[in-house]
Structures are given as C-alpha cells and as structure tokens.
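Next come the chains, spelled out residue by residue.
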Amino acid sequence: MKKMKVMFSTVLGFGVLLCLLVPLAVGSGGVLKIALDAADISDIHPHYAHTTQDRGVVHLIFNGLVRYKTGDIGKFEPDLAESWEVSEDGLTWTFHLRHGVMVHPWKGNPGYELTSEDVVYSFQSAANPAKSGCAGGYVGMSFEAVDPYTVRVTLKKPLSETLFLPRVTDYMGGLVIPKKPAEELGEGFRTNPVGTGPFIFKKYLPKEKVITVRNEKYFRGVPKLEGVEVFFMSDLSSRKFGLRSKELDVIEGPPSQPWVEEMQALPGVKVDVFGPGEAGVLYFNVTKKPFDDIRVRRAIGYSISRDEVATTIGKTIAAPIYSPIPPPQAGFLTRAEVKLRGQQEGKDLLYDLDRKKARKLLADAGFPKGLTTEFYMTERGEYAIPMQNVVAQLRESGINAKMITIDHATYHHNIRADMNTIVLYNCWRASADMKLTHMYHSGSIVVTGKKPISNFIHLGKVDADEDGKVDSIDYLIEAARDMLDAQGQRALWQEAQYKLIDWCVSYPLFIKRFTYARQKYVDWGYDLKSTLILSPQINELTSISK
Amino acid sequence: MKKNGKHRKILTTFLKNRTSLIGACISVAMIFIAIFAPWISPIDPLKQNVYYRLTPPERGHLLGTDEYGRDVLSRIFTGTRISFFVGIVSVILGMVIGTGMGMLAGYAGGKVETALMRTLDIMMAFPDEVFGVMVMIVLGTGVENVIIAITVLMIPRFARMGHAPTLALKEQDYIAAAKSIGASDSRVLMRHVLPNIFGDILVMSTLWLGTAIRLEASLSFLGVGVPPPTPTLGSMVRAGVDFMGVAPWVSVFAGLAILVSIFGFNLLGDGLRDITDPKLYAR
Amino acid sequence: MIAYTIRRILIAVPTLIIVLTITFILVRIAPGDPAEVRLGDYATKESVEALRKEMGLDKSMWAQYLETLKGLLHGDFGRSMINGRPISEEIKRSLPYTVQLTLMGIIFGAIFGIPTGVYTALKRNTLSDYIGRTLSLGGLSFPTFYLGILLMFAFSIKIPIFPVVGGGDIHNLADNLHHLALPGLTLGLIMTAYVTRMARSSVLNTLNEDYVRTARAKGLTERKVIYKHLLRNSLLAITALIGVYAIVLIGGSVMVEIVFSRPGLGKMMIGALKQRDYTTLQAVMIIFASLVVLINLITDLTYGLIDPRVRYK
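Protein chains in written order, with my numbering: chain A, 1 to 546; chain B, 1 to 283; chain C, 1 to 313.
Excised from the complex, chain A in its bound form (with noise of 0.2 Å):
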C-alpha cells in the first residue's frame, strides 16, 4: 500500500509539472491566423470557389478587373482596370489595365507582367463550362486583347451597369487567373492558386489550413502582413477557445446574439458584425395544400412576429425584412414603402403579428381548430434556430407544424426535388435579378422548370390570387434585365415585389449579418462594413499590432 502512494503521487507530481512547463502560445509577429467554420476547402480555384472558406482563401491571392470598394459592397473602384467606359448601346465595354501588376512566381517561374492576354484567356476559362463553375454568367459575351494593356468585352444583349459589372469584379468569374501559371499547372491550380494578389498562395494542409505569403512586388504596395494563415476549424469551441489563447487572431462566429456578447465580454476582444448578411425567407410551395389557399399563408404571416425571430438570432445581428429583396441590395423596398403601397391599394402588405386575424383567416379557410402540416428542415444552426422560433410561434396560432429534420444536404436535395410544404431559404444573391429569376422566374421552377433553380412556389404556373387565373412576374424580371436606365431598372423590381407581398406567396422574415471576433490589436486597414466573401477582407492595409 505504501509503495502504491509513493508511486501515485510521484506520478502526480510529475504529471503537474509537466503541464505547467507549457510556452505561451505566441503569435508569429505579422502572420493573421483566421479560422472560418470549415471542416476543409472545397476548392480554391477562384471560378470553381464558391464556399465562405474557398473564397477566404481566394480573395487573398486574386484580383479582378474591377473591385468592390474594401469593406463595402455598395460602390465599384479600379482593380486591375484603371478606367473603363461603356458604348453609347450598352454592347460594349472597354477596360484600360495598370501597368506594372507582377503575377506571382510559382513552381520555379519567376513572376511576370500581367497583360490583356491573361485577362482574356482568364475571362475565356470562365465562360467554359468545363472550366469553370460560373460560365452561366458570361454567356454571349466575347472578348478581345485590344493592345497589351486594353480589354474589349463585347456583349450580345446590352447589361446595365449594375447588372454587368458585378461580372468583372473581384468576384467569382470576374477574378483574374494568369495564362501561364494556369495553362502549366492545369487541375493542380485547384489547389495551388497563383494570382496577383497581395497574398502569394504557400501550401494547402489538408483538414489544417492553407498559408500564403506577402506578395513583395503587390502594385498597391507592399503588405504591412508578412502573411495570412486560414485555419479550418468547425468547431466552435475550438476556435473560440483558439481565440482566448492567442493562437487564432480572427475567428468566425455564429448568428447568435449570446455569442455576440460573450466574445465582447472577453478582455482585448473585438467583435465585427457585418454584411451585407443572409436574407432569409420562408417559400411557400403553392401547388401543396393547403398552400395553395392565400387565406392560409396570410394567416401564416400574421402568426410570426418578425422582431421575435430577428431576436432569437440576435438583436445586432439580424434585422426584420419586409421585402423579397433584402436591404441594402438595389431594389429593396423599406417598410415605410410597403406600408404606403398597402395605404394606397387599400390592403395590407405588412402582415404584422396579428393572431386574431390570423384566426379568422384560417377559420375562413376551413380550418376553425388550427391546422397541421409538416416540412423538412435542416440540422444547421442557422436555419434550425429561426425555424425553430417560427414553428413556437405558429404553435400560438393553432398552427402545429411539424419540423422533420434532416442533414443539410438531403435538405437541399429534397427542396429541389419538389417534397417540401415551407421552405426556408438564407442567402444573398449579386443582384436583384438573380434573386428574382432563381425564386421567382418560371423557368427556375424545380423540376420541371426550363432550368430549374429555387423556384419552389411553382410561381408562374399557378394561381397565388385565387383569381382564376395563373400569375406570374417574368414579364417584370425580363423587361427589368434589358434595361439600361438603373432607377427604371429599380422601379420594376419594385413592382414585381409589391405583387409577391400581394399574393403572399413567400414570407420575407429576417436579414442576418455575419459575426467575427478578432483581438484588439487587428487592424482590419479600412471600414468593415460589408463583403461579399462573407468573411472579412484581408488586404495589403490590414496589419497587426502586437
């Protein structure tokens, strides 16, 4: 027995002093470590990127011809283009590039200067569906190296401004791949990415993180970073705990309001919560009853409080939306506009918590105890929690729906396959058109539209009104997509909502922002206000000061 104690407590002893020999984490002086909420990259080749931790990783490395201005998505600023214009019939657009923009060097090949062949051959392999995830957006247009340093796109069908440059940004399709690096490396530029960016891509640790280097010869000067580590972890604790230790300088958090304050609380942390943020939507699918009883979905709307489920999010995070295109996107309506539409048509357009109105309407609708029904819904917490509020409130209606909940990828394979009643959709689309034509263009329909997309309501062939005949707003989207003139462009948009709202055919609930926590010694360089990376933007001003 006494030997035992002996032992027990040398092994004790030792197993404490062990542990407190451990270093201080310390950071690397100058290198940003960032964690998103990933498990791994998809694939970092910018045309094919298209998770948050692709583009993470993708926007350090690539430019485009045009950018949104760092840290707000509103406004346009040069990139790669010093200067464009536009022909007088919108058909053709003329970009003047920098000179002196260095590609990185890569596998044994200096670096050299980029030149209109690169940004042709670049916007080519966009346009090749075999070569890239974006091709639909470039789709009858052509492109010419004028002289090294000129760029022609000539168009089929005239853009508006705000419909054709989102093309050429630093975005997706608009992101700028050199022709010799990528003609070299062919399948391995996925995972190994050289652009011209202010961040030279280093190594890809599977499951880990992939490191990226200062780019020395970047044309708007040399980055006060030495370089950016982005770590995949999807886990929140880890990363919140990687945060408190100083292992991580940024992570990324959660749409909750509770985490929201718990990181602010946490000494020497900041938290940015920016957008342009998720909107989320409730779809009703209007060809499964009782959907397909306007009575029933109004009755639907006026059970929820939008406050409320903007509050289960998070009071700075989310915000209530009352149109189908969420604010700050071009074309959004405010509440005070919906309000004045509903004043001067006579209707509401509101549908502000009202239970006994909503009583009454399923009463009208046959349904005098209460209704239920059933829908799919997805594990992940962004979507899980607002629905969850949603369905409480419902319960107070009488209306008791049952949330059946599945894995995030059969969620999406069944909304598109047509089995779900009420789908909740988050997300942002480039522009109001794209939102338009993915969820409310016939053609999007799911399965059996032209080209099916997220047209869940079946809007476009079926009756929403009840009115005997079927309604739909393509003619809107359509003349809206050929025009020029962005405040006529705007006002269609508009139109197109009001009717949606009218027919109540999807529930517009909440616009949800993106939160981040990052130390206090993180200088981000410039206004976080919104990316569409949905992660904040690290460029050549960012810096640490430790």
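Just so you know, the hints here were simulated from the structure itself, not pulled from any lab data. Any given hint could turn out to be false.
[As the list claims (entries may be wrong)] Partner residues aside, some chain B positions facing chain C, computed with beta carbon under 7 Å:
| # | residue |
| --- | --- |
| 1 | Ala24 |
| 2 | Val28 |
| 3 | Lys111 |
| 4 | Thr114 |
| 5 | Met123 |
| 6 | Val130 |
| 7 | Phe221 |
| 8 | Phe243 |
| 9 | Met244 |
| 10 | Val246 |
| 11 | Pro248 |
| 12 | Ser251 |
| 13 | Gly255 |
| 14 | Ile258 |
| 15 | Phe263 |
This structure is a prediction, so every number in the text was calculated from the model and none was measured. Think of the CB as a built atom: it goes at the ideal place given N, C-alpha and C, for glycine as much as any other residue.
Assemble chains B and C onto chain A, guided by the hints.
Below, chains B and C alone, put in the same frame as chain A:
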C-alpha cells in the same frame, strides 16, 4: 409454498440493503417525473420567449431559461420522459428478442448456435456509440429510430445472458424427463428454462436501463438522436455547451438529470444483484 | 497452443471481413449523397453527376466493394471523398492523439482503479468499502460527455488552466501533454470506476476460493496470501475483461474527442459522418472494429496461455 418463502426473503433482504433501497427511491422518483411530466411541468416546455433567454435560476424559472427562453425545469421533466420512454422500450424489446435469441442458440445447439453466436460477436465488435451513430445515420433521426438503434445494442447483452444458462440447463434431468413425456421445445423453454433465468435477467435489465439512457443521451449529444424541438436531456446538454460561459445551468442541470437517472438504476440493479447472486459479473 | 492459436485466428479473419462488409453496406445505404454535400448550395443536376463520376460513385456497388477490399489488403484505405487525399495520411496524423488518449485512460484507470478495488475488497462492508463502491458506481453512471463538459467548465472556462483547442502540436511534448490533461483525466476517471469494480469483484471471488483458504490454513501470512495467490489468479479475470474494456475505452475516447474537439479517430469519424465522406467513415469504422477483434484475439490467446483448460474447448 416454497416460492412464497423465497420471495418474502428477497423482499426483506432488499429492504435491509441500503444500496438497493436508495436506488429504488431515486429510480421511482425519476419514473414518477417521467410519467407525470406533462402535469407537473410549471410551464409549457415548448413555449419560447426569446426576449427572456438565458436567464439564471429564479422564482419563475427554478432552473433558469435556455437559449429560446424556454423553462429549463419543464424541459428537463419532459426530457426525462422521452429518455425513459426510449430506454424502457429499448430494454424490453432487447430483452425479449435478445433472450429469445440466446435461449434458442443454447437450446438448438449446432449450426444454429454457431451462426447466432457469431452474429453476436460481430455486433459486439463495434463500440456502442460508434455503432449507434452508424445506425442513426442510416435510419435518420427520430424517436423510433433511436429505439431501434438502442434495441440492437441491447440484444447481444441479453442474448449472452440467455445463452449460457440454457446450455447448462439443457443437460439437466428434468428437461430430459419433460421431453420424454412429449413436451414441445417451446414449452420446455418457457416453463423450465425461463423461470430460472428470469430473475437474473430482470436484475441485469435494471443495470442496462441505465446504459440505454446513457446511450440515448450520448446519441442526442452527438446530434444524431431525437431531433428538435422535442426536448431530450442529451440535446439540451449539447445546446448548453455553446453557452457554458454565460449560462452553465442549461448543460449542468440537464446532465445532472441524466446522471441521477443512471445512478438510480445502477444502485438499484447493483443492490438487487448483490442480493440474488453475488457472483454475477457485469458489462 | 499452436492449434488453438490457429483456430482463433481463423475465426478472427472472417469476422473482420464481415465487419468490413457490414460497414461498407451501412455507409452506403445512409441517406445523403457526398457529391451533393460537397457542392452544397450550388448543386445543380449536371455538376452533381460530374462530381459523382469523379468520385467513382457511378460504378456498381460490387465494383466499389471489390476496390475497397483490394485496397485494404495493401493497407490502402483509399482517398477521402471530400478532398481526395489519401486517408492513411489523415489516419497517421490522428492516430497518435487517439493512442495517447486511450493509453492515458487505461493507465490512469489501472493506477487508481486496481489499488482502490483491492483495498475495498479487503475492507469489505466497512465504511471505506461503501464510499469506494458508491464512488465507482457514480463514475460508471457518469455519462462520459457530461464529465468532460464539467471538467472543461471547471478548468478551462472558470479557471483557465487548460486549453481546449485540439490536441496541441504533436512534436512539442509539453504542449501535447497540456492538451491531453483534461481529456485524459475524463477518460481516466471513467476507466478508474470500471477497473475498481472489476478489481474488487475479482479479488472478492478469489478470496473465497478453496486454495486461498488452504494457503491461510497452511499459516501463510495474510500479505503473502494476497500477493502470491490473489493477484496472480486475478490475472485471468483481468485478461478476460480487457476485451470488454477496450470497447468501453474506444467508445469513451470518441465522446471525449468530440467534447474537447481533440483530433483523433473519433473526431475523424464524426466529421466524416457530417460530410457523408463514405470512404473515410468506412476506414475509421474498420479500424475501430479491427482493433476490437484484434484485442479480443490477443485476449483469447493470453487466456489460453494462462489457463490451459481453455485451449481444449
């Protein structure tokens, strides 16, 4: 006559044994909660009040509120109900199917026995949680599927229990005697083998009920158990982990409920085992 | 002994193959298409078809099965469906963490469990016995994940001594151990409970055996009786139950890895589950099951070595 005396003796030993007594009290209390949850819950466990979420324990909410503003105490009551329902059904099903399989294997012998026992060996090659997770992924989440998963995990345990005694009893004289007067196999099994092992099986069931509850909680914790919004103790612990820093009461109390339930059944089973057969080993 | 060994191995091999087959089937009848998971919100019919072809999912079940079998014979676990990298690489990286954790669990359990078990057995029905028994029963009743969470709360959140970020740098021993402390403690405490009970009951049993009474009658000191006969003969029981505890240990390590977000096979498995990474999932399940079969085999052989009676069954 003889039987009554035996049972009376067991009862008095039971009452004298502190472990089984305390275990019984805890178990009964938890079962009471499980059965009467809908009536003793102070607030509707599904009612949300997001403006009042993650508040600490106080008069109106004895155990605080969760991330949707729901009453933790009421949810724990309902969660206990679900966990016990799943546990009891799984154990009963496992007992019936498993013991049956074991007795069949022991009685039939030969190829049947080898096949059945090999199958059991293979089933036991996977750790509980690993196998449970696999089954849930295949079947999808939901109460029925959790019951299936846990039943499958219970079967080998009961089968082992039914197998060895049947093997031993098969050789007894009175079995041969019964068969010689024309008793059918099932009759022999039911009337002669079963009563002998039933006591032990019942005792082990108590212990394995604790295991079943733990498994259900683990599966819910991993996210493959009973899905929301149904409250289960395991998923409450899981959800609460995200808020441990600001609102530990959600995880702590939900987990405590699991712990107490399992502890109660373990105490009871252990005590019963000591009384009936101190030589039994357990898993 | 050799015949016995051969017999045991011959049983283990088909068991392994059946385990592999079951895993293969289970993983593939699970809902959720890995190609759709990978493409996420951007899955269109064409892109899903193209990706499925790239992943080799368009081949027949039988072809895929044979490929898997062939690969395993060469020690090749195939490639992950999510990032196309060889799974053996991932396993090589994760395995040390799992091994560390399980080793610490069983060593801790043995160091604290055996003496406690023996002590409570010798002091049967005294206060120390009751305390010991209640504590160990309490340990058994503690869901592994709950214990982990409580420890994490106490020593990472409230009093930040220990980290919870993964497993630490495998090449840095101090950092490694720092990350091992809480997860190892969690698993260790649970194992202590199991081992205590096992040690106690095996000691109690042996105490009642005739030969111990005989030894006592012969006049051997209590101490000699204990050390010579008791421990040596309890070895049998310990060996038999190592197989059982291996399963508990592996299952427990999975839960601990999840709670503490610690790299390892368990975390790999759950991650592969969420991503519908068939091949990785399959690989991990096979490793787990093979470990159990292997441990059972070793246990059987050791048993056969210690107790000759077993060999002739």
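Consistency of the hints with the structure:
no.: 1; hint: Ala24; in the structure: violated (14 Å)
no.: 2; hint: Val28; in the structure: violated (17 Å)
no.: 3; hint: Lys111; in the structure: violated (15 Å)
no.: 4; hint: Thr114; in the structure: violated (10 Å)
no.: 5; hint: Met123; in the structure: violated (9 Å)
no.: 6; hint: Val130; in the structure: holds (6 Å)
no.: 7; hint: Phe221; in the structure: holds (5 Å)
no.: 8; hint: Phe243; in the structure: violated (11 Å)
no.: 9; hint: Met244; in the structure: holds (5 Å)
no.: 10; hint: Val246; in the structure: violated (10 Å)
no.: 11; hint: Pro248; in the structure: holds (6 Å)
no.: 12; hint: Ser251; in the structure: holds (6 Å)
no.: 13; hint: Gly255; in the structure: holds (4 Å)
no.: 14; hint: Ile258; in the structure: holds (6 Å)
no.: 15; hint: Phe263; in the structure: holds (4 Å)
Consistency note: the structure conflicts with the earlier hints numbered 1, 2, 3, 4, 5, 8, 10.
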